[in-house]
Amino acid sequence: MRLNNPPVNTLSLEFLTELVISLEKLENDKSFRGVILTSDRPGVFSSGLDLTEMCGRSPAHYAEYWKAVQELWLRFYQCSLVLVAAINGACPAGGCLMALTSDHRVLADNPKYSIGLNETLLGIVAPFWFKDTLVNTIGHRAAERALQLGLLFPPAQALQVGIVDQVVPEEQVQSVALSAIAQWMAIPDHARQLTKAMMRKATASRLITHREDDVQNFVSFISRDSIQKSLQLYLERLKQKKG
Amino acid sequence: MRLNNPPVNTLSLEFLTELVISLEKLENDKSFRGVILTSDRPGVFSSGLDLTEMCGRSPAHYAEYWKAVQELWLRFYQCSLVLVAAINGACPAGGCLMALTSDHRVLADNPKYSIGLNETLLGIVAPFWFKDTLVNTIGHRAAERALQLGLLFPPAQALQVGIVDQVVPEEQVQSVALSAIAQWMAIPDHARQLTKAMMRKATASRLITHREDDVQNFVSFISRDSIQKSLQLYLERLKQKKG
Amino acid sequence: MRLNNPPVNTLSLEFLTELVISLEKLENDKSFRGVILTSDRPGVFSSGLDLTEMCGRSPAHYAEYWKAVQELWLRFYQCSLVLVAAINGACPAGGCLMALTSDHRVLADNPKYSIGLNETLLGIVAPFWFKDTLVNTIGHRAAERALQLGLLFPPAQALQVGIVDQVVPEEQVQSVALSAIAQWMAIPDHARQLTKAMMRKATASRLITHREDDVQNFVSFISRDSIQKSLQLYLERLKQKKG
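Residue numbers (our numbering), protein chains in the order written: chain A, 5 to 247; chain B, 5 to 247; chain C, 5 to 247.
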């Protein structure tokens with residue numbers, strides 16, 4: 005699955021929906037047992053959630069958007085296929101979340117390709133299920149530090165903290181990801197799937213149980229004047245940077 | 005306590021029952037404060053659960069066997085004595101589970117002596133309490149990977165991932181285990197026991213609460229035609245290997 | 005905040021109350037966004053709980069004292085300010101607990117300055133919320149081992165197990181702590197505070213929910229003859245050492 009939403013694979017409402025439908029199709033097609041998730045956009049795996057979907061819109065739109073983000077995570081985190089992330093570009097925030105849903109993460113060794121949940125730097129807060137996914141991956145203390153400081157880990161640090169499983173030269177990312185997925189697909193599917201479900205069920209259930217509350221929390225948080233203002237400022241600075 | 009159920013310390017129904025009774029006796033004998041768990045069979049700590057108890061038998065037998073496996077874990081994991089595993093041989097699946105119930109694990113540095121929960125390789129699934137025990141020992145992410153891939157860690161990797169506490173030359177396993185148990189027994193018993201119970205209570209309670217469901221799950225899973233067929237195939241291959 | 009309760013910053017009932025009030029004042033004073041916690045007593049960060057408050061007193065006194073210990077932890081662990089511990093001395097038991105409530109821990113590289121929850125060595129047991137705080141910091145397995153053995157980690161080991169974040173030459177502890185707090189204060193306050201609360205809420209709630217039970221447990225445990233005797237012995241030995 006090659007992510008391709010120019011310019012930087014931002015997770016717009018439309019793109020989120022496409023991703024969920026694509027994964028669903030692959031899961032239902034019995035000829036597929038695994039998926040490599042990688043980017044077709046040079047230098048960026050995914051820039052994460054789409055701030056334009058969270059800024060200057062209606063509460064109903066915020067709610068619709070957030071449900072789509074939840075749906076992406078629920079589908080990918082609980083995907084019965086083997087999911088390997090071949091991270092061939094920068095991987096902040098929502099991009100990192102997608103990578104964290106994989107079974108195995110290979111990161112290209114390029115100092116520009118950092119990975120992390122850097123929400124606090126924008127003045128926003130990762131929801132509890134982003135947090136749970138990170139805690140499951142790097143442990144409680146490292147997650148506490150990373151989430152509060154909004155840390156983006158460059159490759160060597162990413163490997164050390166365990167947010168990725170391998171760091172390899174950029175030109176080898178795809179071939180190493182292929183070797184990794186072969187290792188995972190060598191396991192009897194049924195046993196692997198049941199084990200994966202067992203490992204992730206409690207975490208997924210926490211969101212499923214509180215899904216509506218989580219939407220309400222997001223809508224009321226993102227609708228605040230102070231948050232809207234800081235997002236607008238951030239978006240304007242981004243535009244100036246590009247312009 | 006020297007494991008001795010020829011040829012490879014397979015955890016048959018009878019051997020499980022013996023182990024539980026032996027440990028109970030040691031707990032009730034006030035002259036004992038700690039136990040070293042090791043093998044009298046060359047090259048094997050324990051080969052794990054007995055597949056012949058899970059194959060071609062009645063549902064009632066499967067249920068009886070599974071209750072005995074639960075009982076072993078509950079007794080050993082909550083044992084008030086200091087438990088040190090001197091792992092002087094291969095330690096897969098149920099053998100690994102037993103080792104994981106210890107307070108301290110010393111592994112002989114022999115590349116043939118790997119340790120891990122490799123159930124998925126046989127097409128079966130470790131139950132949630134095997135999983136909980138492994139997560140408590142090596143963390144969520146390492147456990148997710150190890151359980152899905154059915155990893156058997158050779159000594160250096162076992163030490164690195166934390167599934168054992170020490171790797172030492174084979175001829176020193178017993179003496180190092182003795183030093184370790186001396187360190188643990190130097191702690192006031194009552195305070196150590198209360199602390200151990202506090203650390204392990206939540207995990208043990210999860211099984212105690214769902215014990216009957218867990219038996220039913222096992223019986224219905226193991227009774228499936230597909231599982232029975234793959235276990236039969238595996239057992240036949242084992243026989244041919246030996247023959 | 006400079007700890008100064010001669011000779012060794014023992015957490016007496018009075019000192020606990022002072023600490024809580026001081027922190028409360030700083031939280032309410034909007035000109036403060038962060039606090040460095042360090043010691044004014046040479047060689048000791050804090051010697052921990054005050055055994056004289058737990059020995060030869062009335063059950064009502066034990067209950068009052070324990071409530072104050074709970075209050076300290078609840079306030080410090082859930083503090084909305086950035087809290088950095090500049091650990092410039094020995095840091096056992098209750099001193100370690102205080103340090104563990106911080107967002108970042110810097111330890112002076114002096115072999116005499118060890119840190120850990122060594123309660124079992126005195127024949128007593130750390131309560132579940134000490135345990136939860138340690139598990140959140142160093143993980144379940146390391147906490148299980150450290151708590152049962154009452155381990156006091158010297159600097160290099162403390163860094164390796166993750167009970168502190170940095171070990172630096174003694175004369176640099178304060179300046180490194182200042183750099184660390186600057187890094188934490190660079191994050192938008194509101195987002196950082198919400199993230200911190202999200203990370204720590206479940207752990208704090210466990211005590212809040214069981215606060216009264218926890219007091220009763222402590223009072224009945226500490227009132228036992230055997231515990232009182234071993235505390236008296238320990239205190240007498242301490243006096244002789246000093247005398």
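Just so you know, not all the hints are guaranteed correct.
The list treats identical chains as one, so a pair stands whether inside a single copy or across any two.
The calculated lysine-lysine pairs, modelled on DSBU-like cross-linking and capped at a C-alpha distance of 30 angstroms, are [stated by the list, open to error]: (1) Lys233 to Lys34; (2) Lys135 to Lys34; (3) Lys245 to Lys205; (4) Lys205 to Lys71; (5) Lys29 to Lys243; (6) Lys243 to Lys205; (7) Lys116 to Lys135; (8) Lys71 to Lys233; (9) Lys135 to Lys233; (10) Lys245 to Lys34; (11) Lys116 to Lys34; (12) Lys116 to Lys205; (13) Lys29 to Lys246; (14) Lys205 to Lys233; (15) Lys205 to Lys34; (16) Lys34 to Lys246; (17) Lys205 to Lys29; (18) Lys245 to Lys29; (19) Lys205 to Lys246; (20) Lys71 to Lys243; (21) Lys243 to Lys233; (22) Lys29 to Lys116; (23) Lys243 to Lys34.
Keep in mind the hints are simulated off the structure, nothing from the lab.
Small disclaimer: the values here were computed from a predicted structure and weren't measured.
Evaluation of the provided hints:
In this homomeric assembly, Lys233 and Lys34 come within 30 angstroms of each other (Cα to Cα) only across copies, at 22 angstroms, whereas the closest approach inside a single copy is 48 angstroms. Taking the shortest alpha-carbon separations for Lys135 and Lys34, only the inter-copy value of 28 angstroms comes in at or below 30 angstroms, while the best intra-copy value is 33 angstroms. With identical chains, the CA atoms of Lys245 and Lys205 are never at most 30 angstroms apart, being 42 angstroms at best within one copy and 39 angstroms at best between copies. For a Cα distance limit of 30 angstroms, the shortest separation of Lys205 from Lys71 qualifies both inside one copy, at 19 angstroms, and across copies, at 25 angstroms.
Neither within a single protomer nor between protomers do Lys29 and Lys243 lie at most 30 angstroms apart by alpha-carbon distance, with minima of 36 angstroms and 43 angstroms respectively. Proximity of Lys243 to Lys205 under the C-alpha cut-off of 30 angstroms is found in neither arrangement, the shortest distances being 41 angstroms within a copy and 38 angstroms between copies. Taking CA atoms no more than 30 angstroms apart as the test, Lys116 paired with Lys135 passes inside one copy only; the shortest distance there is 24 angstroms, against 37 angstroms between copies. For the homomeric pair Lys71 and Lys233, the shortest alpha-carbon distance inside one copy (23 angstroms) is at most 30 angstroms, but the shortest distance between copies (43 angstroms) is not.
In this assembly of identical chains, Lys135 and Lys233 lie within 30 angstroms of each other by CA distance solely inside one copy; the values are 25 angstroms within and 42 angstroms between copies. For the homomeric pair Lys245 and Lys34, neither the shortest alpha-carbon distance inside one copy (46 angstroms) nor that between copies (34 angstroms) is at most 30 angstroms. Taking the shortest Cα distances, Lys116 and Lys34 never come within 30 angstroms of each other, neither inside one copy (38 angstroms) nor across copies (38 angstroms). For a Cα distance limit of 30 angstroms, the shortest separation of Lys116 from Lys205 qualifies neither inside one copy, at 34 angstroms, nor across copies, at 34 angstroms.
In this assembly of identical chains, Lys29 and Lys246 lie within 30 angstroms of each other by CA distance neither inside one copy nor across copies; the values are 36 angstroms within and 46 angstroms between. In this assembly of identical chains, Lys205 and Lys233 lie within 30 angstroms of each other by CA distance solely across copies; the values are 28 angstroms between and 37 angstroms within a copy. In this homomeric assembly, Lys205 and Lys34 come within 30 angstroms of each other (Cα to Cα) only inside a single copy, at 23 angstroms, whereas the closest approach across copies is 42 angstroms. Taking the shortest alpha-carbon separations for Lys34 and Lys246, neither the intra-copy value of 44 angstroms nor the inter-copy value of 37 angstroms comes in at or below 30 angstroms.
In this assembly of identical chains, the alpha carbons of Lys205 and Lys29 lie at most 30 angstroms apart only when taken from the same copy (22 angstroms versus 39 angstroms across copies). When the C-alpha separation of Lys245 and Lys29 is checked against a cutoff of 30 angstroms, the pair qualifies neither within a copy, at 38 angstroms, nor between copies, at 42 angstroms. Taking identical chains as interchangeable, the C-alpha atoms of Lys205 and Lys246 are never at most 30 angstroms apart, the minima being 42 angstroms within one chain and 40 angstroms between chains. Taking the shortest Cα distances, Lys71 and Lys243 sit within 30 angstroms of each other inside one copy (27 angstroms), while across copies they are farther apart (54 angstroms).
For the identical chains of this complex, Lys243 and Lys233 are intra-copy neighbours only, at 15 angstroms inside a copy versus 62 angstroms across copies, given an alpha-carbon limit of 30 angstroms. In the homo-oligomer, the alpha carbons of Lys29 and Lys116 never lie at most 30 angstroms apart, since the shortest distance is 33 angstroms inside one protomer and 43 angstroms across protomers. Taking the closest pair of Cα atoms, Lys243 and Lys34 never come within 30 angstroms of each other, the shortest separation being 44 angstroms inside a single copy and 34 angstroms across copies.
Going through the hint list in order, the structure does not satisfy hints 3, 5, 6, 10, 11, 12, 13, 16, 18, 19, 22 and 23.
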